[in-house]
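K.L.:
Read off the chains here:
There are 4 protein chains.
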Amino acid sequence: MSKKIICVFLGGRANYSSIRSAMRAIQEHPDLELKVILGSSALVKKYGNLEKILNNDGFTVDERVHMLVEGDEPVSMVKTAGIGMLGLADAFARIHPDYVIVVGDRYEMMAPTIAAAYMNIPVAHTMGGEVTGTIDESIRHAITKFAHIHFPANKESAERILKLGEDECRVFNVGCPRIDTVKEILEANPTVPDEIYNVCGGVGPEFDLHQPFLLVSQHPVTTEYQEAGNQMTETIQAAIEVGLPTIVLWPNSDAGTEGLSQAIRIFREKHPDALLHAFINLPVHIYVRLMNNTACLVGNSSSGIREGAFIGTPCVNVGTRQEGRERGSNVIDTPCDRKAIAEAIRKQIAHGKYASEPIYGNGTAGKKIADILATTEVEIQKRITY
Amino acid sequence: MSKKIICVFLGGRANYSSIRSAMRAIQEHPDLELKVILGSSALVKKYGNLEKILNNDGFTVDERVHMLVEGDEPVSMVKTAGIGMLGLADAFARIHPDYVIVVGDRYEMMAPTIAAAYMNIPVAHTMGGEVTGTIDESIRHAITKFAHIHFPANKESAERILKLGEDECRVFNVGCPRIDTVKEILEANPTVPDEIYNVCGGVGPEFDLHQPFLLVSQHPVTTEYQEAGNQMTETIQAAIEVGLPTIVLWPNSDAGTEGLSQAIRIFREKHPDALLHAFINLPVHIYVRLMNNTACLVGNSSSGIREGAFIGTPCVNVGTRQEGRERGSNVIDTPCDRKAIAEAIRKQIAHGKYASEPIYGNGTAGKKIADILATTEVEIQKRITY
Amino acid sequence: MSKKIICVFLGGRANYSSIRSAMRAIQEHPDLELKVILGSSALVKKYGNLEKILNNDGFTVDERVHMLVEGDEPVSMVKTAGIGMLGLADAFARIHPDYVIVVGDRYEMMAPTIAAAYMNIPVAHTMGGEVTGTIDESIRHAITKFAHIHFPANKESAERILKLGEDECRVFNVGCPRIDTVKEILEANPTVPDEIYNVCGGVGPEFDLHQPFLLVSQHPVTTEYQEAGNQMTETIQAAIEVGLPTIVLWPNSDAGTEGLSQAIRIFREKHPDALLHAFINLPVHIYVRLMNNTACLVGNSSSGIREGAFIGTPCVNVGTRQEGRERGSNVIDTPCDRKAIAEAIRKQIAHGKYASEPIYGNGTAGKKIADILATTEVEIQKRITY
Amino acid sequence: MSKKIICVFLGGRANYSSIRSAMRAIQEHPDLELKVILGSSALVKKYGNLEKILNNDGFTVDERVHMLVEGDEPVSMVKTAGIGMLGLADAFARIHPDYVIVVGDRYEMMAPTIAAAYMNIPVAHTMGGEVTGTIDESIRHAITKFAHIHFPANKESAERILKLGEDECRVFNVGCPRIDTVKEILEANPTVPDEIYNVCGGVGPEFDLHQPFLLVSQHPVTTEYQEAGNQMTETIQAAIEVGLPTIVLWPNSDAGTEGLSQAIRIFREKHPDALLHAFINLPVHIYVRLMNNTACLVGNSSSGIREGAFIGTPCVNVGTRQEGRERGSNVIDTPCDRKAIAEAIRKQIAHGKYASEPIYGNGTAGKKIADILATTEVEIQKRITY
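Those sequence lines, one after another, are chains A, B, C and D.
Mapping of the first sequence onto my numbering: position 106 corresponds to residue 106, and the numbering continues sequentially without gaps.
Mapping of the second sequence onto my numbering: position 327 corresponds to residue 327, and the numbering continues sequentially without gaps.
Mapping of the third sequence onto my numbering: position 200 corresponds to residue 200, and the numbering continues sequentially without gaps.
Mapping of the fourth sequence onto my numbering: position 43 corresponds to residue 43, and the numbering continues sequentially without gaps.
Treat the hints with care, since some could be wrong.
Claimed, not checked - Below, in silico cross-link-like pairs of lysine-lysine (PhoX-like), each with a Cα-Cα straight-line distance of 20 Å or less:
1) B:155 <-> B:368
2) B:353 <-> B:183
3) D:155 <-> D:368
4) A:270 <-> D:270
5) D:183 <-> D:368
6) D:353 <-> D:183
7) A:4 <-> A:367
8) B:46 <-> C:45
9) D:368 <-> D:3
10) A:367 <-> A:183
11) D:3 <-> D:367
12) B:183 <-> B:367
13) A:45 <-> D:46
14) A:367 <-> A:155
15) D:46 <-> A:46
16) B:4 <-> B:367
17) B:46 <-> C:46
18) C:155 <-> C:367
19) D:45 <-> A:46
20) D:163 <-> C:163
21) A:183 <-> A:368
22) C:270 <-> B:270
23) C:368 <-> C:3
24) D:4 <-> D:367
25) C:46 <-> B:45
26) C:4 <-> C:368
27) B:163 <-> A:163
28) A:368 <-> A:3
29) B:368 <-> B:3
30) C:368 <-> C:183
Honestly, the hints are just simulated from the structure, not real lab data.
Sequences and hints are given; from them, build the entire structure.
P.N.:
And the structure:
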């Protein structure tokens, strides 16, 4: 019997972190063959050389679809998704996948979803059924309505997918593959690597990460994209006010990214003495270890809520981006106001690390996904259950 | 106060029939301004000159986005939608609509849906919440998850939209605008026009349409697109076996259209004496009057179920395409087999016309849509209700 | 040493006929590896299943780029070329060709030209340096300015390419590969095959092709595309007036094709008794044998001038499409007027077959192209010679 | 009589500088109406807000076509041009221009050229007939072969266009519109504005520009794009070695831009004390005044050769990018090697300013272009002259 071809589309580093353990399990599964397509920011060097990371991890790239349209406006998001569809249609016609795995809910994910569904290729969706802000909220549920098999990351999400009219025998609460990676990384080494500055470069002063430090990870909110720069400024100012040295991560590509990047640049020019170090790209295994050791993670990244629950990272979640996502006791929510943020950071520093909560799985999601794809046949014609 | 700009995207003649009464009501509303964008088969002459029809009806076209990619395969559907997104992004950036109306569930409708939603333009969706076969089933519900305001055509559909997690105060069961047009047409003149052959052309013998005749309207089923030709052959053969003269309508553009068109051509070449007349494009007002007078409508067009219920047209619905759609007593469902189809046609001829059933509204949908759009403000950030 | 990868882009059947002998020679060359990309009408069934023809000839297809946008307007030509560029960019990035062969001058040929040239892949151009009407005239010379190596089909063309500022050591007058195929076909069998109607189908009466017959091959002229239908009507009418049974070939895809196809359909509906048989797709080997036996080839196809010179086919060339192309004594030019055309046809019938003239080569072009590509290294940076 | 519609496509700031005086003359001409389409980097904020500059200069933007695809590889250039064609096809169909003006030879310029030519819209080309390195060399001559009317910037270029087989009565040596602007700016005020740092921002120390300073303007060379970073490093190092304070301009978008930008960033991080100030976007009127006062312009910008000849700016031209362009006595060419560059800079500093040479016109190009467009009718069918 020939192997089932499982095709994963990666639109960027965050995607990869969210599916890496499943990719490994697919690669190692005797009945499955993995195909990897890169697109969007995964092919743009300024967001990091993802292909090199994949190669180092033992994966090869089968297709590359350049699609990321520049410009700090939503119209660019539409064009990126549209070009992605054109390229992925050709790619899928060559690969003939048995399943296309669509990860999460970023705007370019409509491209593999529509391309596969229209071409009668079953769509497997991870991280469906969650609730957040931004256009991602609509995208996620729309992908659910195209997907033939669902791998939600937690119980509430699985229930929501069923309410959306999906067939119970196609919904599998496997947990989040990101947790698999977190578990693997921290079991290997839980401390911040001494060589972080040499390996990851970045700009700004290099302070001791074995002492208390803050970690800032903030992305633009699509529906408020013109505010992205100001929002970043509020968060950085709050971090500086608290007085701990601070690591800042460069944001993903998105409408609003430019404003946000500029905010970092302007802050650094204006405050050349601030203990602020910005990394452009951090490998997952380093980011996770930073999360394991930071006094507080600040911003609006889903990692604070998702991986943070498992790790026990004290987290200050800023603004609307993560609204609706299930969260553990490690998260304090604040509006995007420097005073409120600073106060919440101080509370989290006082509290210290939290106990681990398995809200997003126990570290076996990837293997479950591979096993289920290997053994499940779906009907290409979907039908709402009510 | 400036008028709200309501932008309608028309991908073909069928779209227009489904939204015409709403377009008229928007045009006549003092607080609304109508903008019309044509795309897909609406711009391809072989599917009829829709712009001319619109002009005759008093509408002007504001934008044209050529997007229909040739080729008898699903990959062309993906590319069509992708190119549509590219063109519509530019068009919406120029028009700045307050609402984009997305009609129904054809594959190109993902283009205006994604373009508008990503660009923070509210999406108004008509004909959501229905249940059918083919990829349209997934598309329809995905559009619902992107749409900010919903105009389902019947009660069951409205309830389904609510179950999909949409906000109750954004769901309006207005009925189907197609019924508005049917009502208007039949009130003006219920009989088949004598000049039909002169006006509409077509190929094949011209028989008397005041005598009993059959009407065939069949489209390819996307998930079975390679079967489209054979399926058409079954239906035509059944019609000819029954022995009544038969009107056949040329199909919409879709994966499978070529096979289906070829089936008609081959049949005509092989049976030059058959009483079969094929029309390439019929104006709505003539089609409706044919429906009002045919002994039986045969095929898989939604019109048999939807307008048929209102008109009372005896209808034989063939195959899987309309599975799940609410239907009245005027419909007999059959598999795609010439014997089964012929038998059902004979039953319907014996029964004769049915009483009108208002399943899809009472002829006031268009006006309701315009009024609601004029008075409703929506939040651009959606949130699932559970 | 690894083989050089030679990539051929085929946009339709005509392209294939123009490069087939070179493809074979490349395939058989020990130092070369052939890669075939299909696009444009080559992937649209209604223009014939080119992939099947290729497979029967022993070629495999490596990539397929669906790109043909429907619509009877020049805007569709632009979009087709644009989508082609998007798809070919991805395809070339996968294949990494050492040369991309661009055949002739149809509008979609700008796509492989620009994609290759921008990606620093050497472009080999066949049939450059000729002079014709329509936009092809500009396209051809523009491709010359992008191409790194030139394979013109005759002496005058080679001289024109040098005048355009190309480097003498990169211009090779190899003759036309179409002549190679013609020679091969007629050496194998010069008569019209008895089974032509069974094999090639088509519509209309089937008459004896061992008796005198006319052959009509006419394409739309881009700059006069709205006239395409009328022009076809003139030619068919002329053929019918002359009184010989007539074979008509269905036109290539182009702006204007619809009008032209319709003209054939309308004529057949109006004159059901005319001795007119239309073939949708003719294999080259049959077309060439028709050219070898027809009383007169009528229309504006380049084959009358090019292959016609070699075969000695009496040819009536209608209208502006072939203006400027070198021609032999076998061609009579006429305006697009049925009387003028009919008169010219009668003259040609009276004259009978012509002697062969080697204007477009002696049947060794394909092998020469392969040998030159195998042994020539070009610099990617071009520079005009004056 | 209705006005002729003259449509200008601007792909970035450099385009604008090259056509501004013609735009003004068209706007002021009683028989012409100007339409402006922005695309490519003109719509990406990080390359400067061109629309705002246009508005300040009294121009309005009629269409915006987002097209710039990210990624540091040639494949992105192909996709940018392809998307541009899709968007421009729709735009031209709306505007119905009588002429489309195509400026120069950057890779995105194939998009308006092909879109217009395929749609039977006459193309007017400026800056044709020049000779340079990179893919621009091929693009420029290919555009000439599509263009219906030519506005070369100097005598040698006009002669080269004629040799390319263009009709003599369609070639007008009007001079370069950039010179018009230079003349206007310097007549208004020839000195460096005191407020330059306040108005233009930038990063790095702010030194006195009334004292001798160097000006560096260097772009990536497409065929050597992987070397772009190193090439920039050589030039900056040379400038620093010479010891004068140095202004660096951020490069245009192109394959290789990222590497080049990074080189500037890395240099600044490594040499925080260097007297190096980098401007992201400089308004033309300031750049010209810098050129008028710098001790030496270093890099590979065409401005050193073109405007430099008129202004008399001492110029060191580095590497292959400007090979073949006519130049005055103000230019010293060097390879891309820091020692050679430094030596040439020292020579130029010793020489001081040069006398003005009118190689690229005398400042009346824009007006001539407008007058010729107003009075010239072209045939859409081109024909090579030999």
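K.L.:
Among the hints numbered above, which are violated by the structure, and what are their numbers in rising order?
P.N.:
none
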